[in-house]
Structure formats: C-alpha cells, structure tokens
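Enquirer: What follows is the residue order along each chain.
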Amino acid sequence: MSYIIETFNLTKKYPQIKSYQEIIIHPFQKREITALDGINIRVKRGEVFGLLGPNGAGKTTLIKTLCTLLLPNEGTALVNGYDIVREEQEVKESIGYVVNDERSFYWRLTGKQNLEFFAILNNLGPNRAQRRIEEVLRLVGLETNGDKRVKDYSTGMKQKLAIARGMLSDPEVLFLDEPTRSLDPMIASSLREFIRRSIVEEGGKTVFLSTHNLAEAEDLCDRLAIIDRGEIKACGTLEEMKALLDKRKRYLIELEKPARGFIEGLKGVFPFMVKGTLPGGGIAIEVTVDERWRVSQVIEAIVGHGGKVVTCSPMGRTLEEIFSRVTSNRSSGEGVEGE
Amino acid sequence: MLYQLRKPLAFVIRDFGDAASYKLSFLMQFAGIFFSMLTFFFLSRLFGGVVVPYLQPYGGDYFSFVLIGIAFSGYIGVAQHSIAGTISSAQEMGTLEALMVTQTGIPTILFSSSLSSFVWTTLRVLVYLILGVAVFGLDMGEANIPAAALILLLSITSLGGFGIISASFIMAFKKGDPLGWVFSGLSGFLGGVIYPIEVFPGWLQKCSYLLPITHSLKGMRLALLQGYSTEALLPYILALMLFTAVMLPLSLFLFQKAVKRAKMDGSLTQY
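Just so you know, the sequences run in chain order A and B. Each residue of the first sequence is one higher than the one before, counting from 1 in our numbering. Each residue of the second sequence is one higher than the one before, counting from 1 in our numbering.
Chain A on its own, in the form it takes in the complex:
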C-alpha cells in the first residue's frame, strides 16, 4: 500500500504564557499544553482524507506541522516520503497549503499578480508560471476575475484563489484547513464538488482537509480521522468506523396493529423503544441487538407474543452519532483505530 502521509507518534506541545506571579514564584517551571498527543495516521495516495474535530481539537496544529510550519516536540511524519523535520525543502516541494485566512493575499494587487508572485517563489519559470496561472484560474473558475484586485473579491473568490495558489506548483498533496468555513452553503457545496472532481478524480491529487462540518466530511471524504484534544479517537472509512465503533446493531421493526396489552407484554422480554405509529394503526419499534439478544430471537419473541412483523431493517449510525460518541468518551480513552 502506498501512503503519501504517515505520522509516527507525532506530538506537539505549546508553551503557555506565564503570569508575572508565576514567573516570580516558579521562574524555571514550564507550563505546556499538549495539542497533538502521539498521532499515528496513514493517508493513501489519491484519496480525500478528512480530519474531523471540534474547535481546539488540534486539526490546524496537525496540518501546520505536516506543512513544516510547526516543529513537533516528539515523533515525526513523512509527507510524500520526506521527513517533515529533516527534509523540509522536499516536503515543501510536494505540498500545497491552502491557508484559511483570507488576509493571506496582497489585497491591493490583482489575483493574477498575487499568483505571479507566489509562482516565482515556488520556482516556476516564466513560461510555466504563466501557463500554470491560466490553468489554475480556469480550474477554480476565476479566469475572468484574474485582473481584479483581491480587495474586490468576495470571500468565496478569495477561498478559490487560495486553492489556486495551493495548486500552482502542481503538488502531490493539497492541505486545506477548513476550506468552507466562511462560505455560504451554495458556494461551499460547489467547492466540495470541485475538490472531489477536479482535484482528486481528474488531477489525481491527495487532499488532506480539516473540518468541523460533519455533513462535509461525510459527503467529501474517502476516509476520516476524528481528533479530539490532540488524540485520534477514530480513523477509517465511515463504514469502518460504524462497524468498529459499535458492535451492537439497531433495527427498526414495523408491526401490524398490535392487540391491546401487546407492548406491555413485551416489556421486560427484550429492550426496545417505540418510535411511532404507522398508518393503519401499526407501530414501529427500535431494537438494539447484541450477543444476548439476536435479531432472530427478537422476532421470535414478537411472534410468540402474538405480534406480526411487517418489516425489519437495520438502522445506520450517522457520522454525527459517531462523532458525538467518540468525542464524549474523552476520559475513557475509548476509540477506534484504523489505518
């Protein structure tokens, strides 16, 4: 398997600013906060890998560390086979970093002038730079706005320009830090479509993005890692996470209109929850099955109590449920590890 990003116990700690009182009382004592705690993830070539986590979870720290903007305290990572600490220049040649700060451009210059400047800094020769600028502007749909000053761009246009800048050197991996954070839903949706189709499917690039938008992660990413308080809580495809996280399965069972006292009779036999009534008087119940109560035994029990099963279908867990479960298990250390 070819991995384009691999991290090995990557740990990042930030020193905390001490008060004057602490400086006087404990002048040599260091106070640190752990932003990344022994991160181990592997990202495959040509996939969209999503880093999902609440604010302050360590998403931006991980991306900046992989982009060589931060140095890890312990561990290391390989990006495109290069060590982020020892081979910084080679890593920079392999990546594009889409900064999520719209101020990261020179606003009094045009979009094209900004790209020309960054193309030169990325060692593109004059002819290649011009050709590439035309290509990336077309790619992000800004070909008619290249001569406008950046100050006249909308937030969405600046975000697209940031992606164009990240793509200038035709990098193997594109890092995007919350790319749709300040975009309206329509533009966010078209940007996701653009990332999936143009960058990954047509361009063959790897995209590593962070987000706290669950729908975006579910919609866009091939694989995900859920990060919380600097620790990877779960990693894998959505399906893997669902399967690994919860051995118990939930079923929605629809019953014909039951006889009086039927529901009361089932209570105490197996755990269930009435979800609602159906047209014609039927009811729907949700049953969680495990080793003790298999679905066949549940159905037998229903039939044994005089019930008639109309349908029985497994219920899927949403990413939102997975996310809230892994991030709520902070102290227990429960998590799911994938590749």
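Capping the alpha-carbon separation at 30 Å, the derived lysine-lysine pairs in DSS-like fashion look like this:
1) A/K18 / A/K30
2) B/K23 / A/K112
3) B/K174 / A/K18
4) B/K7 / A/K148
5) B/K263 / A/K18
6) B/K257 / A/K18
7) B/K7 / B/K263
8) A/K151 / B/K174
9) B/K263 / A/K44
10) A/K151 / B/K23
11) A/K13 / B/K257
12) B/K174 / A/K30
13) B/K23 / A/K148
14) A/K30 / B/K257
15) A/K13 / B/K174
16) A/K30 / B/K263
17) B/K260 / A/K18
18) B/K260 / A/K13
19) A/K112 / B/K7
20) A/K13 / B/K263
Here's a subset of chain A near chain B, in silico, CB distances under 7 Å, partners left out:
21) D101
22) R108
23) N122
It should be emphasised that the hints constitute simulated quantities derived from the structure, not laboratory data. In this text, a Cβ means the ideal position worked out from N, Cα and C, and glycines have one as well.
Once you've looked at the hints, dock chain B against the given chain A.
Expert: Showing chain B alone in chain A's frame:
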C-alpha cells in the same frame, strides 16, 4: 544569474505595486524630501560664510555635509527597521504563513522583503542629490561614483546584519527590540549624520567607530564631496567589509534560531 534575481525582483514589483496603489501617500513622499532639503538649506545659510574647521575635511560647506548625512542616513533606518518591519507586517497581514510554505528559503525571503525599502531609499537619495545639485548648488564635480557605490553596497550589507538581528527579536519576542533601539539611537547620536564626529571628545570619537554608519557616512562624503580615490577610502571600505563579514552570518544564524523557536512554540504567525 538573471533567474536567481527573479525572486528579489518579484518582491520589489510586489511592493511598488502595493505602494503605488496608495497614490496620495506615494506623491507625498517626494514632497517630504523637498521640504526637508529646504530646511537644511536655510539652516546652512544661517552659518553663511562662517568657516567651520570641523567641516574642512568635507569641503567646508554645511549644506553639502548635512545633505549627504540626511540622504544616506535613510539606510540606517531601512536596514534597522525594514526587515523587522516586513516580518511583523507579514505576521499582521497574515501573509507570512503563505510565504514560509513556499519553496523559497528564509534568507532569500528576508533579503528580498527588505529590498524594495533599499531601492526606495536609493531613489530618495538620488532625488536628494539631483535636487541638491540642480536647485541648491551642491557641488559633486569631483565625485568618485564607483567608490561611493561600493561604500553604499557595503553599508547596506553591514547595516542589514543589524536589521536581521532586530527581525530575530521580532520573530522570537513579537515586540521589543533592544538592539534596534540602542543601535538606532547610537547611530543617530554618534554616527555623524548632522554634525561631524570631530566635534566629539577623543574617547567618544573612538566609540563612534564601533558603528558601521560612521565609516559609511565618512567614506561617502569623502567620495562624493572631495573625490577621494578608492585607495584613500580603503580604511572605510575595509571597516565596512569587516562589519559585513561578522554581522551577516551571525544575524542569519540568529534568525534561523528565532524561526525554529517560533515554529516550536507555535508563534510563527502571531504578533
């Protein structure tokens, strides 16, 4: 060679494009030059035909003396503040991360970021000199231009070392630059910008030679106003070379350390 110059040139084009977009400020800078020259012209008339012995080595004319001092002292400010200024401005603007993640090394970014300030200062110096000659009767008939250009180049490299150390302080501590504060103050006081260092007592004159600006201004005045030969200017040229040889590598080393520290504590783009 030309290919290598593309990066510094890109910074200059970027900065001039940005500066020229603020049209009023752009034009006012030229007006500022004219009025500061006018001030010193009338100040020099105050002394009129009085012979000031301290000015004899420089031709005896206070206006010519102070014009060179004011024009070239701009380099002190640029060397001292422009590198630190560009770093802190890039931190505030949010462009520093975008710059640091490019395939361009830190020394090139540092040098190129401040280059436009040096180019701009050189243009100001040229305007000073042209106005001085054309309007205020400055005599540069015997000027040794190649030697002056060499002294200028060495002044930039030696003063730039102090500027990079200032930028290291900004990178590491965000605010507070004790070296810049001391260096700027001492250079203005001891460097011989608006009065010759010969007015100082002997021990203070010796102290002034510890600053590159003293050698820079003295050499520049003798080259432009008195037309000294390159051989005669050698003491000043060698002194500036020595400052460059010590300060430039030291400052780059310190800056690399400051960047490493900022990358460790996560404050690279904080201000």
